[in-house]
Structures are given as C-alpha cells and as structure tokens.
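Engineer: Residue numbers (the working numbering): 1 to 204.
Hints in this document: simulated from the structure, not taken from any laboratory. The reader is advised that the hints may include incorrect statements.
Across the chosen pairs, the derived CB separations fall in these ranges [claimed, not checked]:
{"no.": "1", "residue 1": "Ala117", "residue 2": "Leu47", "range": "40 to 48 Å"}
{"no.": "2", "residue 1": "Asp159", "residue 2": "Pro60", "range": "57 to 65 Å"}
{"no.": "3", "residue 1": "Arg134", "residue 2": "Ala69", "range": "38 to 46 Å"}
{"no.": "4", "residue 1": "Leu53", "residue 2": "Arg151", "range": "53 to 61 Å"}
Cβ coordinates follow ideal geometry from the N, Cα and C atoms, glycine included.
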Amino acid sequence: MRLEPADAAAITEAVRTLEGGSCAEVVVEVRGRSGAYAQASARFAALAAFVALLVLLFSPWSFRAGWVAVDVAAVYALAFYAARRSDSVRQLMTTARERTDAVRHFAAAAFYERGVANTDAETGVLLYLSLLERRMELLADRGVLAAVPSREWNQIVADVRTRDATPATLLDALASLGPLLAQRMPARAGDRDELCNEPRFLAE
1 MRLEPADAAA
11 ITEAVRTLEG
21 GSCAEVVVEV
31 RGRSGAYAQA
41 SARFAALAAF
51 VALLVLLFSP
61 WSFRAGWVAV
71 DVAAVYALAF
81 YAARRSDSVR
91 QLMTTARERT
101 DAVRHFAAAA
111 FYERGVANTD
121 AETGVLLYLS
131 LLERRMELLA
141 DRGVLAAVPS
151 REWNQIVADV
161 RTRDATPATL
171 LDALASLGPL
181 LAQRMPARAG
191 DRDELCNEPR
201 FLAE
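When you get a sec, could you build the whole thing from the sequences and use the hints?
Structural biologist: Here you go:
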C-alpha cells in the first residue's frame with residue numbers, strides 16, 4: 001500500500017488552501033498500516049497448524065508420532081511466514097477494536113513526532129490516515145480546542161472516524177475542516193507557515 005503522487009499533490013494543495021483561510025497549522029500523516037500485527041500472524045499460523053493436526057489424526061493413513069509433530073511445526077512456520085506478508089491476513093485475524101486502538105496509538109505518536117504540539121499559538125491539527133485499517137484520526141492542540149466549540153469539534157471528529165478512510169475521503173475531510181477553522185480561527189496578519197504542508201507517507 002502506498003500514497004500515489006497525484007494524491008500527495010492534491011493533499012498538499014488542500015492543506016495550503018485550508019491554511020490560507022485559517023491560522024491553524026495542519027499536518028497530514030499517511031501510513032500503509034499502523035503496526036505489524038504480529039498477533040495476526042501467530043493466530044493464522046496456529047489455526048493452520050491445528051487444521052494440519054486434524055488432517056493427520058483423522059487421515060486413513062497412519063503416521064509416526066514424531067512425523068506428526070514435525071509436520072505440524074512445519075505448517076505453523078510456513079503459515080506464520082506467509083501471514084507476515086499478507087495484509088489480508090492482518091485484517092482477517094485481528095479485531096476491529098485492535099485495529100482502531102493501533103491507529104489511535106500511532107496517531108497520538110505522530111502528533112508529537114511531527115511537531116503538531118509545538119506551534120507558537122498551539123494551533124496544530126493532525127489528520128492521520130492508515131490505509132490497511134481504512135481509518136482516520138483527527139487530533140488538535142489546545143489552541144484549536146479552545147477556539148472551536150466542543151460540540152462542533154466532536155462532530156467533525158466523529159465524521160472523520162466513521163468515514164471509509166482513503167486518500168479521497170481524507171481530501172473530503174480537509175474540505176470539511178476548512179470552513180470550520182476559517183470561521184473559528186481566521187487567518188491573521190503575520191501568520192507564518194510553521195509546519196510542513198506535504199503529507200508524509202510511511203509504509204508502517
């Protein structure tokens with residue numbers, strides 16, 4: 001999974017447009033996935049090994065006990081290796097709660113890593129998209145939360161979280177965020193661009 005150059009360019013332009021009408025500093029982070037989900041590989045491998053054991057136990061042919069153990073261990077290892085390279089397995093063998101928690105954890109880390117919490121007037125906003133999980137998170141610094149009524153902010157956060165998150169819906173989220181920030185946090189004379197407008201993409 002990756003961010004296409006055309007999508008990156010469109011996101012950059014959308015951020016510039018938003019910041020042109022508001023004193024907010026918006027940062028976009030896109031990840032291929034929010035974590036390795038090692039537990040998904042282990043679960044898939046355990047399931048494959050269990051199926052292999054059942055096949056060996058109920059097969060019409062007989063096998064020595066030592067070979068049964070070797071075969072089951074080999075199936076586990078091969079399934080684990082294959083699962084580590086499959087996003088489909090990561091989705092299938094994890095719960096929605098696990099994926100949501102992972103996205104929120106990585107979004108919170110990016111908020112500080114990207115310097116969103118370090119703007120002069122505490123007006124940083126992070127829009128985080130995780131492609132595997134198809135989820136977005138919206139985080140803001142204290143200056144934004146003080147300027148925007150909590151009901152309005154909570155509503156747009158809920159809208160962002162419930163979208164089927166893709167680069168296209170991320171652009172929609174930026175378009176929705178623009179008027180709200182322009183109204184509650186209009187651009188001021190002398191505002192400077194403190195944070196990078198280009199989205200950062202990380203595979204994981």
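Engineer: Next, verify each hint and record whether it holds.
Structural biologist: Status of each hint after checking the structure:
Under the hint 40 to 48 Å, the C-beta atoms of Ala117 and Leu47, about 42 Å apart, fit the expected range. Evaluation of the 57 to 65 Å hint for Asp159 and Pro60 yields a pass: the beta carbon distance comes to about 58 Å. In this structure the supplied range 38 to 46 Å holds for Arg134 paired with Ala69, their Cβ-Cβ distance being about 40 Å. Take Leu53 and Arg151: their Cβ atoms lie about 55 Å apart, and the range 53 to 61 Å holds.
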